[in-house]
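Peer 1: In case you want the letters, here they are:
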Amino acid sequence: MPYPPELKELIKKVEATRPERVEKKRKGIEVEGLSLEGREDRLKKYHPDYKEDSRREIRVGVSKGYAISPEIVEILEARSRVTPEKINVDKVDHETDVLVIGGGGAGASAALMAAGAGAKVLIATKLRLGDANTMMAEGGIQAASKVETDSPYWHYLDVMGGGHFTNEPELVKTLVNEAPKVLAWLEGMGAMFTKDSDGILRTMHGGGTSRKRMHYAGDITGAEIMRTLRDEVKNHPEKIDVLEFSPAVELLLDDEGKAAGAVLLNLDTEEYVVVKAKAIVMATGGSGRLHIRGFMTTNHYGATGDGLIMAYHAGVPLVFLHSVQYHPTGIVFPEQAEGILITEKFRGAGAHVVNVEGNQFVYEREPRDVEAASIIRECSTDVGMGVPTPNNKVGAWLDSPMLDIVHGPGYVKKEFPGKYILFKRYDIDISKEPMLIYPTLHYQNGGVEYKSDGSTVLEGLFAGGEVTGGVHGENRLMGNSLLDVTVYGRIAGISATEYALGRKDPKGLNLDHVVKYHTELGELGIKTERNAPVILPDYTNPDVKNRQVVVAP
Amino acid sequence: MTTQSIPVDVTDETSQSTEETLIPINVMGRRYMVPDHLTIMTALEYAGYQLTRGCGCRGGVCGACATVFRMPDSYRIEVGLACQTIVKPDMFLAQLPFFPQNKAEYDVEVLEPEQGTLAGLYPEIFKCIGCGTCTRSCPQDIEVMDYMAAAIRGDIARVAELSFDCVMCGLCTARCPAEEAQPLVAILARRLYGRHIAPRAAHLAERVKQIEDGRFDEGIETLMAADLEALKEMYVAREKEPDMPDPDWRPKDKSHL
Numbered sequence: 001m002p003y004p005p006e007l008k009e010l011i012k013k014v015e016a017t018r019p020e021r022v023e024k025k026r027k028g029i030e031v032e033g034l035s036l037e038g039r040e041d042r043l044k045k046y047h048p049d050y051k052e053d054s055r056r057e058i059r060v061g062v063s064k065g066y067a068i069s070p071e072i073v074e075i076l077e078a079r080s081r082v083t084p085e086k087i088n089v090d091k092v093d094h095e096t097d098v099l100v101i102g103g104g105g106a107g108a109s110a111a112l113m114a115a116g117a118g119a120k121v122l123i124a125t126k127l128r129l130g131d132a133n134t135m136m137a138e139g140g141i142q143a144a145s146k147v148e149t150d151s152p153y154w155h156y157l158d159v160m161g162g163g164h165f166t167n168e169p170e171l172v173k174t175l176v177n178e179a180p181k182v183l184a185w186l187e188g189m190g191a192m193f194t195k196d197s198d199g200i201l202r203t204m205h206g207g208g209t210s211r212k213r214m215h216y217a218g219d220i221t222g223a224e225i226m227r228t229l230r231d232e233v234k235n236h237p238e239k240i241d242v243l244e245f246s247p248a249v250e251l252l253l254d255d256e257g258k259a260a261g262a263v264l265l266n267l268d269t270e271e272y273v274v275v276k277a278k279a280i281v282m283a284t285g286g287s288g289r290l291h292i293r294g295f296m297t298t299n300h301y302g303a304t305g306d307g308l309i310m311a312y313h314a315g316v317p318l319v320f321l322h323s324v325q326y327h328p329t330g331i332v333f334p335e336q337a338e339g340i341l342i343t344e345k346f347r348g349a350g351a352h353v354v355n356v357e358g359n360q361f362v363y364e365r366e367p368r369d370v371e372a373a374s375i376i377r378e379c380s381t382d383v384g385m386g387v388p389t390p391n392n393k394v395g396a397w398l399d400s401p402m403l404d405i406v407h408g409p410g411y412v413k414k415e416f417p418g419k420y421i422l423f424k425r426y427d428i429d430i431s432k433e434p435m436l437i438y439p440t441l442h443y444q445n446g447g448v449e450y451k452s453d454g455s456t457v458l459e460g461l462f463a464g465g466e467v468t469g470g471v472h473g474e475n476r477l478m479g480n481s482l483l484d485v486t487v488y489g490r491i492a493g494i495s496a497t498e499y500a501l502g503r504k505d506p507k508g509l510n511l512d513h514v515v516k517y518h519t520e521l522g523e524l525g526i527k528t529e530r531n532a533p534v535i536l537p538d539y540t541n542p543d544v545k546n547r548q549v550v551v552a553p
Numbered sequence: 001m002t003t004q005s006i007p008v009d010v011t012d013e014t015s016q017s018t019e020e021t022l023i024p025i026n027v028m029g030r031r032y033m034v035p036d037h038l039t040i041m042t043a044l045e046y047a048g049y050q051l052t053r054g055c056g057c058r059g060g061v062c063g064a065c066a067t068v069f070r071m072p073d074s075y076r077i078e079v080g081l082a083c084q085t086i087v088k089p090d091m092f093l094a095q096l097p098f099f100p101q102n103k104a105e106y107d108v109e110v111l112e113p114e115q116g117t118l119a120g121l122y123p124e125i126f127k128c129i130g131c132g133t134c135t136r137s138c139p140q141d142i143e144v145m146d147y148m149a150a151a152i153r154g155d156i157a158r159v160a161e162l163s164f165d166c167v168m169c170g171l172c173t174a175r176c177p178a179e180e181a182q183p184l185v186a187i188l189a190r191r192l193y194g195r196h197i198a199p200r201a202a203h204l205a206e207r208v209k210q211i212e213d214g215r216f217d218e219g220i221e222t223l224m225a226a227d228l229e230a231l232k233e234m235y236v237a238r239e240k241e242p243d244m245p246d247p248d249w250r251p252k253d254k255s256h257l
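So the sequence lines, in the order shown, correspond to chains S and D. The first sequence begins at 1 in this note's numbering and counts up one residue at a time. The second sequence begins at 1 in this note's numbering and counts up one residue at a time.
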């Protein structure tokens, strides 16, 4: 779907302001960023987190009274997908030292470290190994690798500021100190980061960074990291067993109340599978497919927040879920690609965000929440400077063609091959025409509470990656999610192994915590039609669903 | 399986226009009428499918939704990723959510990036007949046959370069008359390249050593102990590396480096 004539007409306005904007960029003249107070005001007025009805108190469980997105509250207040009395937990199908729940970046990192530390590992994953948000992360991974301009100290400061100083300091310290180590680990496994001929890693800015520390592999950094990790996991079949299409649906506890396994669901046969484990790593990732506040999402098909539910049923508190990350730049046209991520790397390279008149209205590298709120504001009726799309939406332009002028011809095609190909399929050449964007649901800032050694309050349960909350505070910076999944995936894998190898064989596996949770729901008078975890979103045509006949057995 | 509808007013990538033109498509031989602007994936959902296999990132990078199709007026087999390909009237399609491939096991650190390394682990590469079906079957427009030729020559760097955009969907493998597993050869080459051929980042190794020596611990402890106002001040005052590339730029404040 190429741009229709009315949009082509509007693109002329972007072209008209481009020479002057490029000239300023060359001279280092930037639109001024918002002050800390300005940021706060912008967020309060325009960020979806602050809208009326965007938060509701959880009525049940250990974080009772905590107000978060209603879409998540609804599934926290749902009944378990498991009917405990129908599950025979005494018949164990798989037994392992470390059970890793989730086969994305965090899960694969955890599994590799656990296997390396001597554990027998089982990965249970909902779809295929590597089907995860990690695969879709485009822009890069932050690490203070440049010895003459940067250090973990400055990385720490950027992370804290980006998270509005709400982040857990201990978690941030570990993140920034481990960052270069993780990068070296990935380099050692052969991940093809973009480098100069002398081996110097190329880096660029991201929103909210003071130094260029975003490392990348073309514009498919996450895919490169994920396929490398996946390949390495599959190099160790004697140590790491992988169960695909087998999402976990509840944790199992032992007679001392420690985590001791999980109930999985075989998605092909729909039978349950009982796994006994001495330690568990929760690495289920995010929840974009819950479509918080009705937003389109950049997330993977399986991102339904299952880990939050399982951990919460077992008594692990949830933190920082009151803030949700909307990525400033999701595709809003062509509609077939709606919601798909346009990497922040475009803005990192200096691409301007402009309105229908071709004018800049925000510094292109504000922290994500501030950037998103600013785009929402510009497109709102308050300002009315958004670009109308043929499918009755509104967006702003991301001026990619200016990068070919600033950095030289061919830059866009070379540095953004993934996005170049994607738009080419719709007969749009993004090195010549700008992209039409609008904020899209991107990242679960919060999640289960954990410590910097990956442990949770539930003995035997460890966690890492997007399922957790705290390290990013209320807003994650670009390039810190690939970092989070690898840093904390590894740590969770190591800690889980230490715990597992020192633990006696768990006895008396049970689902009593689920029974208790159901009792609490009943006592509170919470009525629900729903079951959780959600497992997969359902985009089936509702007309068809209404006609689906249930045949009696 | 029985999952529940998510009660929100979204239909994902299928946001409906007001006027819809319906066209016929044939899914594994069964005919459905679907809006003409949908991708194959969203058309399947429109037709009533709840996808489990054959659906992944929905953004064209994970390779879960390999699809083959034929148009009634052509003998050619066409391919695409279901999440990226718009439906065509009267197409006959089937998904290939899984195709068996036997992966070699190796330790990339001890492997040598030599001429015979790829062939040593995947000797079947010599069976390639150079027919080009793989290249025609690639939804990413990768020159698969060319990288297989490079693999046979032992040119690891060339394989890595040509195959970089591979999403490992397996369509080339499914259609290969020589029974190759091209994506596995390609990832081995990329890992060998990244590990042994690309120059190592000396600055990264140096930085890791500095961290292990505890060089930044004191500075970070100071930040952790600082009160909110002091931290905000330090944040606002931090020097920003300029946008335009300048390899000679150094911060004025060289503390904590």
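Just so you know, the hints here were simulated from the structure itself, not pulled from any lab data. Wrong hints could be hidden among the right ones.
Result set (DSBU-like, lysine-lysine): computed pairs, CA atoms no more than 35 angstroms apart in a straight line [as the list claims (entries may be wrong)]:
#, chain 1, residue 1, chain 2, residue 2
1, S, K27, D, K88
2, D, K88, S, K393
3, D, K232, S, K413
4, S, K25, D, K88
Covered by chain D, per the in silico footprint, the following chain S stretches (three or more residues, Cβ under 8 angstroms) [unchecked claim]:
#, stretch
5, 123-131
6, 178-188
7, 245-253
8, 320-328
9, 418-426
10, 507-516
11, 536-545
Small disclaimer: the values here were computed from a predicted structure and weren't measured. Heads up, the beta-carbon is just placed ideally off N, CA and C, and yes, glycines get one too.
Peer 1: To test your reading of the hints: which numbers does this structure violate?
Peer 2: 1, 3, 4, 7, 8, 10
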